[in-house]
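K.L.:
Chains as they are written, first to last, in numbering that gives the first Met the number 0: chain A, 0 to 563; chain B, 0 to 422; chain C, 0 to 404.
Be a bit skeptical, because a hint or two may be false.
Cross-link-like lysine-lysine pairs, in silico, BS3-like; alpha carbons within 25 Å at most [stated by the list, open to error]:
1. C/Lys247 - A/Lys234
2. A/Lys231 - C/Lys275
3. C/Lys272 - C/Lys247
4. C/Lys172 - A/Lys236
5. A/Lys299 - A/Lys267
6. A/Lys236 - C/Lys275
7. A/Lys432 - A/Lys503
8. C/Lys331 - C/Lys315
9. A/Lys231 - C/Lys272
10. B/Lys69 - C/Lys121
11. C/Lys121 - A/Lys261
12. C/Lys121 - C/Lys134
13. A/Lys286 - C/Lys3
14. C/Lys121 - B/Lys369
15. B/Lys335 - C/Lys247
16. A/Lys299 - A/Lys286
17. A/Lys335 - A/Lys50
18. A/Lys234 - C/Lys272
19. A/Lys232 - C/Lys315
20. A/Lys261 - B/Lys335
21. A/Lys232 - C/Lys275
FYI, nobody ran anything at the bench for these hints, they're computed from the structure.
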Amino acid sequence: MRGASSGKVADMNRPWQLVLSALVVACAAPAVVGDGRLRDVIDRAVEDAWKANNVMPAALSTDSEFVRRIYLDLIGVIPTYDEVVVFLDDADPDKREKLIARLLDHPRYGVHQSDVWDMIYFGRNPPGYGTRYRDGFKNWLRDQFNDNVPYHVWARAILKAEGNTVEHGPPMFFVQYKNAPEDATVAVTRKFLGIQLQCARCHDHPFDAWSQRDFYGMAAFLVRLRVVDVGKKGKLKAYAIGEKNSGEVLFTGPVQQDGVGKQGQPVKPKFLKGALLVEPRLPEDFKEPRDFPSGRMPPKPRFSRKDRLADWITSPENPYFARAVANRIWAQFMGKGIVHPVDNLSPANPPSHPELLDALTQALIEHEFDLKWFIGEIVNSRAYQLSAVGSGSKEAKPKWYQRARYRPLSAEELFESWMIASGFDKVLERSGKARSPIEATGVGGDRFQVRGIEWERLLQSFGRPNDGVGNFQGGLHEHLYLNNGPIRQMISDRPGSLHESLAKSEASWEERVERLFLQVLSRRPTSAEIEEFVAFLSAGDDPRGRLHDAVWTLMTCSEFRFNH
Amino acid sequence: MKSICRTHEHLSRRALLKGALRTAGGAALMNWGGLFHSDAMANEVKKSNKRCILIWLNGGCSQFETFDMKVGRPTGGVFREISTNVPGTRVCELMPRISQRMDKLTVIRSMRTSQIDHPGGIYLMHTGWSRTADTRFPEIGAIVAKYCGDAESDLPNFVKISSVGDAGSGILGPQYQPFKLNRDGALPPFSISPLSAEHEARRHGLRDFVERQYAARHRADPVRMHREAYDRARRLNNVRHVFKLDAEWEKYRDKYGDSKIGRRMMIAARLVEAGVAFVEVGQSGYDTHADNFEGHKSLVPPMEHAWAALLDDLDERGLLDDTLVVWMGEIGRTPKINNRSGRDHYVRSWTTALAGGGVKGGLVYGASDKDGIDVKEDRVTEGDFFATIYTALGIDPETENYSGVRPIPLAQFGHKVVRDILA
Amino acid sequence: MNIKAPIHQWQLSFEGEWPTSVAFLGDERRLAAGNRSGQIYVWELPENPPQPQAAGGKNSKNDRPPDFPPVRRLDGHTNGITHLRTTPDGRTLVSSSLDHTVRVWDVDAPATGEAEVVLDGKQRENQARRTSGRKRDEILNAPGTRVETVAATHVLEGHGGWVYGLDISADGKRLISGDDQCLSIVWDLASLEPVSSWHGYDRVWVRSVALAPDGKTAFTCEYAGRRSSFDVPAAQARLWNADDGTLKMDLLKIWTPDVNDRNRTDSYQYWQKWRKLLKRGLVCAAFSPDGTMLAVGQGGETDTGKVHLVDVDSGKILRTVSGHRYGVCDVKFSADGKYLLSSGRDTTVRICRVSDGEQVAVLGASRGGQFKDWVHAIAISPDQNTVAAADIAGMVHVWQWESSG
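Please build the complete structure, drawing on both the sequences and the hints.
P.N.:
This is the structure:
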């Protein structure tokens, strides 16, 4: 903090830590770091829970299962034919760990994680003007992941919202909540702390500990924010977040009692279940200019409430912050959060593996929010690498992690994976219409502007495959797209495509079927499959059409649809 | 065709039996229901030939601007009331056509439900249950599709036109998932197959093989859902003509009113006539926290015009006796008018309406107090409401489906069927 | 108008349903205000109020401006008043209402009855809260105000729905009214006969109307509440020839020159364009005294409602001024055309200079929580020294400028 006086202010805000930590069950802090690796802690905890709950786990995944799963989970696309064959035929006993390390350093790692977190921060239809084209934000986020910037550092950057949305990126988060500090409060607490405050907006929360005053105390940190149009940068409108020096949240009581003539009472900013924010007083003759003029970066305020909030939220000592992200990232790879849903860390919603969650949280803090390390530990665990088959459970996300989870591929993953599976990316390359490396790894709209594949349509059908709480709901609409939609165009006749190369190939049908399965499903076919496919393809009539059908079948079947 | 079980169902049955053994051993087993499409099972489920149309008013329609007028009271607002063709009953002046069809309606003025926010209310008033993390309750549409729909039909039995609600078919299984039409009631994009029937069948044969291989080892719910949905999407191709209703709309535009909600209701009537068991038609915008009177003024007239036409149309075609038309939103609105000229959410006392097969017409059930603050008599909870609807449709509300090993009845525990409104 | 140093002279209690309309009756001490249940009261204020207060600050109990009871009640309307207008000579008052009628009142008509009314019920309750027993009863049951009651001289029928818009031309000869079934009628005020009328799509509302000073040109804004419910034409802002009801100028078309006429449909794309200009409809309109400009206010709820100043000859927007959080409610020009007054959903009256759009004064201050009470209507006294405002919290504010030289 700059300056003695602001340092003093910061110190005076420390007492909240004591209050907050009193609320948190004292971490048992098992010997996480030190000797044991986190992956072993995970495996032990998960095994203990199996025993306690009399659950039979599945076996370890096969290499085929593993290679497809890890490519999708880490870089958001299936492995190419060559990558699959190299991995399957590698005899190195440490090949899984080495593959994981390679993928974590892959430039697409950041792209995929940026897609995942963009969904968390914005969803498919974010509110607010100007939030639709988020290239600046997404590119920035991709770089944070690829450079392995610690989570608390980039999370704080989002909350501090400095710069503009096009050249820098982070301010886009708050642009969603223009003139809506209450909505911003709900979003910030939910996405960064895993707390659901929305009920407390209108009345004291029925069972959690949040009161309306708690809610408005938090909203007070964000009430002074303004979205400022700072002009066009290139083709896009750029916005910045300005913060005024004055302005309060006015509270009139429960919504049920709202009426005319009521005088609202200003609510001072107060950290959730913590202390009031200590702010310096404005000088007597201070005149706040009415609005931030557009076309210019807004000046910084004399004292920024938002920055204090950002510091408090992203502090390693904030008991919700580390826990929420540890749980969320766990859920990303393991299926169900230890606390489920992941944005509801409420006492009414207890964790399934409490000590494990504590250990994960502790480890993440000790490693200073190094996400590559954290993710690496999770996916190197045996628990993650179990097969998706077996154990009798039919849940998509088994509660006791006795089996790998089924996750529907996102629209982005489907698109990219279809390009690889069908060889359409090679078709584009050869016809000179390839996406440039920037386009291919840019996270913006250009990535999906491939002629004939209407990205908007794809989004409509696959943009939201889950219901409100993460259960797969894919209905008829997905299949209408799959059956009758542009997939057919990707299975192209042009050089480079899988279809074309199989049609022209001189190899035996068996070899061609093997190539087909390896390229599309990342595995070798069973003998039954070979038999059936060879019979189908060599039937005599319409060989090209049959080949087309075969590629289509593998691209649209359930095995492709999910990550498992 | 009816008596031949399809291969994947045999597998599932085997899996269920295996599961039953497991259960005895204490392992947790998830499946979504013990009832499959097979002769033996189908006979156990008494199928009713009733149909249902749900008119969903998204956002929460105000009872003070429709059926429960409090003119002259501080909570009354600016609309006045008009008399109806049921002596002693009055409705809002925004509904002149419905006022002349009150003999077909049963209005319930004494709803008291438990979820006051939109997501909670939408879930509650679609499923009849509050949302919980561990049980996926099915929407009313899925229930009607299952117990009233013709499973052999290529038509989806649960159709949604421009409505909300994401509970889906829950524990009933993927074959009862809603099929969503466009906002204009047209088929969604890519509905029509570009292939010849022969080619399509050939392709399907190979795909079916691949899916069966996969299903032999991968038994998780989402996989099964994916497969079932594919199957239904395929069969849709056979009935696409049912959804070609542009010409029909030109003929009936005046009857239903030149509005989007009118078009959707006409489509609902035609689909029900074609055999679809349940159609949900939505109209959005009722969440009038601000400018409540202007808001309802713009929403209610086209809606009531279409609703009146729907009742007439069904009646004229002899369908009304077998079709239950449900009218509701997720919440009511506050008696108190706020300083934005709006009404906020309210569930202590609000109004829904039923018409058609199974219910008496010309009836107002229950009452609120003079200012509309509380229910004065004959309270109806969500459990009661849904139980009554199921009964009207010939479905026993205590019928159970399974969530894992837990039996879940259709209607909430502790419900009571409101017999007074049943025909 | 010397807008320096306004004094918050009166805060007249008018509790009950929201006060929605206000007008001066010939001089700055006589005014009428109407509310949303159809009541209209007339006040005759004394020249010297007990204790003038400075305007602009929050009114705590101690420095609340003085109250004064009304003297008469204008009876007849059965539903809310939307607008009040007076003729330039101040002798005739016209009211439009949600009860589908427009009523004409003779300001000096003899009373036909009497009534006792209580217009400060809530204040009595607040006072009584701290007392009990006899003292409490005394306060609550204290006699109300005795008012004369008067009926309208004429009831103009002809509208089938809410009369949303009302205006009198500055020359006092013509009246215009518009309803929510898209019918606009221009009346001759002397004979009370319709001069012309025009009709649009049934489900669209005439959201605001205005008549040019010479009564020959009329403005209407047509707007339908919800786009998505029915297939209606897009919103309109148009000028008409009041003599015969023919279209004079399509303002929205002029304001959106880059839209192809084929695309002026009820489509989502067109809506995205026109809603930036109209927000939730132009809910108030006024011609400048010299007839060269038209002010139209953007209604709520919306982010910020502003006022467009339109050049009547070309139809173009000269500038966009003012700005009320959540929407504008009313606009008026000062008689010299130099200032534009607007009131809105943020409990303020804003005064802007017409020449450059600068805001020069604010009357009133926000109160309440996230959403503020509305100032539903404003009126300027004939001598330009007094401004009255109808506040939905149950009062009519009167501000006065210190007299200029």
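K.L.:
Does each hint hold? Answer for all of them.
P.N.:
Right, here's what the structure says about each hint:
Proximity of C/Lys247 to A/Lys234 is assessed by CA-CA distance (about 39 Å); at most 25 Å being required, the pair is judged violated. For the hint pairing A/Lys231 with C/Lys275, the CA-to-CA distance comes to about 19 Å; that is within 25 Å, so the pair holds. Pair hint C/Lys272 plus C/Lys247 holds up; C-alpha atoms about 23 Å apart against a cutoff of 25 Å. At most 25 Å may separate the alpha-carbon atoms for a hinted pair to count; C/Lys172 and A/Lys236 exceed this at roughly 51 Å.
Under the criterion of a C-alpha separation no larger than 25 Å, the hint pairing A/Lys299 with A/Lys267 is consistent with the structure, at around 20 Å. Our distance criterion of 25 Å between C-alpha atoms is met by A/Lys236 and C/Lys275, whose separation comes to about 17 Å. With a C-alpha separation of about 23 Å, the suggested pairing of A/Lys432 with A/Lys503 holds against the 25 Å cut-off. Among the hinted pairs, C/Lys331 with C/Lys315 is consistent with the structure: their alpha-carbon atoms are about 19 Å apart, no more than 25 Å.
The straight-line distance between the Cα atoms of A/Lys231 and C/Lys272 is roughly 20 Å, inside the 25 Å bound, and the hint therefore holds. Of the pairs offered as hints, the one joining B/Lys69 and C/Lys121 holds, with about 22 Å between alpha carbons and a cut-off of 25 Å not exceeded. Only pairs whose Cα atoms come within 25 Å are accepted, and C/Lys121 paired with A/Lys261 is accepted, the gap being roughly 12 Å. For a cut-off of 25 Å, the pair hint linking C/Lys121 to C/Lys134 stands: about 16 Å separates their Cα positions.
For the given pair, A/Lys286 sits about 20 Å from C/Lys3 by alpha-carbon distance, which is consistent with the 25 Å threshold. The straight-line distance between the Cα atoms of C/Lys121 and B/Lys369 is roughly 21 Å, inside the 25 Å bound, and the hint therefore holds. Taking the CA atoms of B/Lys335 and C/Lys247, the gap is near 44 Å; set against the 25 Å cutoff, the hint is violated. With a C-alpha separation of about 15 Å, the suggested pair A/Lys299 and A/Lys286 falls inside the 25 Å cut-off, and the hint holds.
About 19 Å separates the Cα atoms of A/Lys335 and A/Lys50, which keeps this hinted pair within 25 Å; it holds. Between A/Lys234 and C/Lys272 the alpha-carbon distance is near 20 Å, which keeps this suggested pair within the 25 Å criterion. Between A/Lys232 and C/Lys315 the CA atoms are separated by roughly 30 Å; this puts the pair beyond 25 Å, and the hint is violated. Restraint check for A/Lys261 and B/Lys335: satisfied, since their Cα atoms lie roughly 14 Å apart, inside the 25 Å limit.
Using a Cα cut-off of 25 Å, the hinted pair A/Lys232 and C/Lys275 holds, with the two alpha carbons roughly 23 Å apart.
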